[in-house]
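Enquirer: Residue numbers (our numbering), protein chains in the order written: chain A, 1 to 392; chain B, 393 to 712; chain C, 713 to 1019.
The hints are simulated quantities; they were obtained by calculation from the structure and are not laboratory data. In this text, a Cβ means the ideal position worked out from N, Cα and C, and glycines have one as well. There may be inaccurate statements among the hints.
Unchecked claim - In silico DSSO-like links for lysine-lysine, alpha-carbon gap of 30 angstroms or less: (1) C:876 / B:590; (2) B:531 / A:132; (3) B:590 / A:113; (4) A:59 / A:89; (5) B:531 / A:131; (6) B:590 / A:185; (7) A:191 / B:531; (8) B:531 / A:391.
As the list claims (entries may be wrong) - Computed Cβ-Cβ distance ranges for the label pairs, DEER-style: (9) C:822 / B:593: 36 to 44 angstroms; (10) B:678 / C:798: 26 to 34 angstroms; (11) C:771 / A:185: 49 to 57 angstroms; (12) A:236 / C:979: 31 to 39 angstroms.
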Amino acid sequence: MFKKILLAAPMAALLAVPNVEAADKIKVGVVLTLTTPASIMGRQMKAAYEVAYDHLGGKMGGKDFELIFEDDGLKPNIGKQKTEKLVKKDKVDFLTGYIWSHVMGASAPVALKAGKIFVSANAGHSLYAGKKCHKNFFNAAWENSQNPMAMGSLLNKRGVKNLYVLSLNYAAGKQMVAGVERTFKGNIVGKDLVPTSHKDWSAEIAKVKAAKPDGVFVFYPGAWGLAFFTQYKQAGLDKTTPVYSVFSVDGANLPVYQKRKMKQLIGTFNTMFWAPDLPNATNKRFVADFAKKYKGQIPSHYAAQSYDSLMLIAAGVKAAGGDAKNTDAVRKGMEAADFSSVRGKIKFGKNHFPVQNFYSRQVINKGGKWQMSLRETVVEDHAPVMSNECKL
Amino acid sequence: MNLAILKTPRGIYNSILILLCIFMPLIAPAIEQEFFTDVFARIMIVTIAAISLNLIMGYGGMISFGHAVFIGLGGYAVGIFASHGIESAYIQWPVGILVSGIFALIIGAISLRTRGVYFIMITLAFAQMIYFLSVSIEKYGSDDGLTIDARSDFGIPFFDLNDAMTMYYTVFVLMAGCLYLSYRIINSRFGRVMRAAKSNDERMHTIGYPTFGYKLTAFVIAGMMGGLSGLLSANFEDFVSPDMMFWTVSGELIFMVVLGGMGTIMGPLGGAIIFLFLSEVLSNITEAWHLIFGPFLILVVLFARGGVEGFFAKFEKRDD
Amino acid sequence: MNYVLLAEQFFNGFQLGIILFLVAAGLTLIFGIMDLVNLAHGTLYMFGAFFAATFVLLTDSLILGMIIALPVMLVAGILLELTVLRTLYERNHLDQVLATFGLIIFFNEFFLIAWGPEGTGINLPPYLSGIILLPGGITVPEYRMVIIVSGLLVALFLYLLVSKTRIGMLIRAGASNREMVGALGINIKLLFTLVFGLGAVLAGFAGMIITPITQAESGMGESILILAFVVIVIGGIGSIKGAFIAAILTGLIDTMGRSFIDVALLQIMNAVAAETAGPAISSMLIYILMAVILAIKPSGLFPPKGA
C-alpha cells in the first residue's frame, strides 16, 4: 500500500504537467568522450554527426530532429548518468555514440530498459554481438575481434610466418589478440600484453628482437601508439620487422603522427571496414564535407561509423513514417537499412551488427597530407563469430 | 538526544538533508526532474563510503587515500557471483563485506605500524594494486567491467531490489543505519579512545591503551562499510568496473568528507550532495570544468577547512 | 635462458629505476625537510615533459631545448611554492593532500587545453638514435644509455650536494631536526623555496628525458607519482640513499617481472593459466615487494635518523 502511494504521487505529478514543447521534435542523444586525451576521437565523431545532420537537412522522416551531445569523461559511471539524464530529463528517442565498451556496458542497459533504441557508433563489445544481443540494440561499427581477424587473413596473404603479438592488457586488447589468433595460420613466436599504465616498451621490444619474427601485430590505440611507434623506431626495429596494426594508426591520429614526423609509419599496413578513398558517391560527399566542418581533416573510421549511425536511425524513422515513438516500425526500418552508407551498401545480421567487408589500407603521403589508402579486399561479408549465440 | 538541537541553523540544515533524501522520489517528478531520484540514490550510496572514511579520518586521524578500493571489492562481490549465476544476497553480501574487512585487516596491519604519512601512500598503493588486478582479469570483464543482469535476491516476497522504490529506500535505510552506527561508535568508549589517540597517540599508548588495536578495528569497520557501499553501487548501477576504485575516486571521497565537515556525523551526507551537484552543474557550464574545480578544492582547503558543518559551528559560537 | 635478453632487460629495468629515482628524490627531499606531502609532484614531471618538448620544437635542438627547459622548470617550481605550497607547510597532511590533488586536477586540464588532447612530443636527433652494441651481442639504444648515464650523474651530484656542501648540511639537519635549523638563524623560508625548486627541477628533468621515449600527454604524472610513492615508502621517507636503492630495485623487479614471469609460471601451470596469471602477478609485484619490506621494516629500508 505504502509503495502504491509513493508511486501514485509522482505519476499524478507527471500527468498534471504535460510536456508540450518536445512533443513533435525527434531527439537523438549522443554520448561521446569530449574531454581527456581521448577526445581526439570524440571530437571527430561529433563533427561527423553534425555532417550527417546537415546532409539530412535536420529532418528524419519529414520531422525535425535535434542532436543532444553529452560528455562521458571516459568514465562508465558518468556515461551512465548522462544516459539516464538523456532518457529521463531530455526524453530522447534514440541513444547513440559510445566509444568505449565499459561506458557502453554501463549505459546500454539503461536505454534498453527504457525501451529506447541504442546505436553504438564505436564500442564493439562482443557480448552484445552474441549472448547479450537485444532487439533494440544496434551497432553501426564492428565487433572487436572482426578487424584483427581480417588482419590475420592479411598476414597470411602477405606470407608472414612468424608473428609477434603486442597488445594492451585490458578487455579490448585481449579481444584483439584472440581475433588475430583465430585466423593467422603461422607461428606466434611471442606475445606481450602490457598494462595500460605503461608507456615504456623497453622490455617487450627487447623480447621482440630476440624472437626475430617477420612481422609484429600491434594494438596500441591513441597515446600508446605515439609512444610505442617512437620506441620501435629507436630500437631500430622499423627497418627489419614490419608492423601490422589494428586501431592504432587511424584517421584521427594520423595528423598527430605527421606533426611528430613519425615517418616510420608511412607504408605500414592496417585493416578496416572502410577507407576515406572507398569509391562510392556517399563517401566522397562525406569526406569532402567533413573536411569543411573539421579543421580540413580527412575523416577517420570513427567519423564514418558516426555518420552511418545517424543515417541508420534516420532510415528507421523514415520507414516508420516519421513516428519515432513507433519503436517496432523504426526497428524494422533499421534492420532493412535502406540508406546509402559511406561503405556503399550496408546490411545487418540478426544480431544487428553489420555484415561487411574488411580492406587492407596503407599509410601514404599524398599532397603533403598523410592518409589511409585503400589496397585490397581482405575478407568479404564478414560477420562476428559469436553471431549464432544471439537468440533473436 | 536533545530535540532543541533541531532548531539551530545546523539542525535545520541537517534536517533538510535528511528530508531531501526521504522525499526526493516525490519531489523530483513534481519539479519535472525525475532523474534527481537516481542522483540522490547515487549520493546516498557514496555517502555510505564517505561515512566510513569520516569514521577513520575525521575521528581517528587515519588518512586513507585508497578508500575506493573497498567500494570496488564490495561491488565485485556482487558482480563476480552474479556472473556465475549466484544471485542470493545471503551469499553475495556477507562475502562482499567480509572480503572488504579482511583486506582492510591486512593493509591496516601493515600500514598502521608506520607513521601517518606512510599510511596515505600505502593505502594509495594497495588500492592501485587491486585496481590493476581487476583490470588484468579478463574473466571478470577486465576494464570493460561486468554488467549485472539480476540484482541481489533476498528471497523475500515484495522485497525486490529491481523495483526502483524498493532499491531507493533500501539505500536510504542502510545509509541512515550507517549514520546511526557511526554516531554510536563515536560516542562509545571505543570512539573516545580513538579520538584521544588521534590527538595524542603516544600518551594513550603510555597510559595503557593498545591504540594499534583500536585503530585497526576502526579501519576494518570502515573497510566493511565501504564494502557495503560497493554492494549497493553494483546493485544500483547494474554494473561494476575497475573505474569505481581508481585512485581519483578515493581523492573525491576525501574531498566530500572535508567539504561537508570532517569529524561531524552528518558531514559526509552534506559533502556528497554538494560535491555531486557541484560537478554536475560545473560540467554543464563548460567542458573544461576541471579548471574551476581544482582551484575550488584548493580554496576550500585554504579558507574553509571545517566545511559546511564548520561554518555552522562558527555561527553557533557567535550566537552565544 | 636467454642471457642476452636478460642483460638487455637489466639495462631496461635500470633505466626505469633511474627515472623513478629522479622523481622520488625530489618527493622524499620535500617531504623530509618541509614535511609536505606533495601529490602534485607528478605534475612537475609533466611540466618538464611539456616544457622540454615545446623548447625543443622552438629551437629545433634537443640539447638546447632541454637546457632552456631546466631553468624554466626551476622558476615554475619556485612560483608554485610561493603561491600555493608555501601556505601548506603549516597545515596537516590532509590539507596538503587535498590541495595538491586540486593542483593535479587543474594542471591536467590546463595542459589538455593548452597543448590539445594529443599532447606533444620530442623526436630524437640522428646522433642519439643509434644503437650501442655491447660484448655478447647485447644491444642498447643510445638514448637509453644517455638516460642511465645522466641519471647517475644527477645522483652523484645530489650525493655531493647533500654530503659535502653547506646547503647539504642544512638539508640533512632539516630532515632530522627542523627546529634546530631555525635556531641556527638560517633563513628557513629561503631554504624551503630552494629545496622545492630543486625537487621540481629533478622531477622536471625526469619528465624531459623520458619524453623522447614516451611522448608527453596530460595526466602522465600520476602513474609515475604512485610508483614514486612506492619507492620512497620502500626506501624510507626522507632518505635520498634509500630512494636511489629502492628506485633501482623497483625498476628492476617491475621490468624483470614483466619479462620473465609468464615463462616462470609455465613451469608450474598450463599455458592458458600462465597467460592469465602472468600479467596479473607482474602488475602486483612491486606492491607485494612493498608489503613484504614494510612487514619487516615498518619505516622502510633506510629511515633517516631521528624519524
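Enquirer: If a hint holds in the structure, say so; if it doesn't, say that too.
Expert: Hints, verified against the model:
1. C:876 / B:590: Violated. Residue 876 (chain C) to residue 590 (chain B) sits at ~40 angstroms, over the 30 angstroms cutoff.
2. B:531 / A:132: holds, 16 angstroms
3. B:590 / A:113: Since the Cα atoms of residue 590 (chain B) and residue 113 (chain A) sit roughly 49 angstroms apart, the hinted pair is violated (cutoff 30 angstroms).
4. A:59 / A:89: holds, 22 angstroms
5. B:531 / A:131: holds, 15 angstroms
6. B:590 / A:185: Violated, because 65 angstroms separates the two Cα atoms, which is more than 30 angstroms.
7. A:191 / B:531: The hint holds at about 19 angstroms.
8. B:531 / A:391: This hinted pair holds, its Cα atoms lying about 23 angstroms apart.
9. C:822 / B:593: 36 to 44 angstroms: holds, 39 angstroms
10. B:678 / C:798: 26 to 34 angstroms: Because 30 angstroms falls inside the window, the suggested range holds.
11. C:771 / A:185: 49 to 57 angstroms: Between residue 771 (chain C) and residue 185 (chain A), where Cβ atoms are some 50 angstroms apart, the hint holds.
12. A:236 / C:979: 31 to 39 angstroms: holds, 32 angstroms
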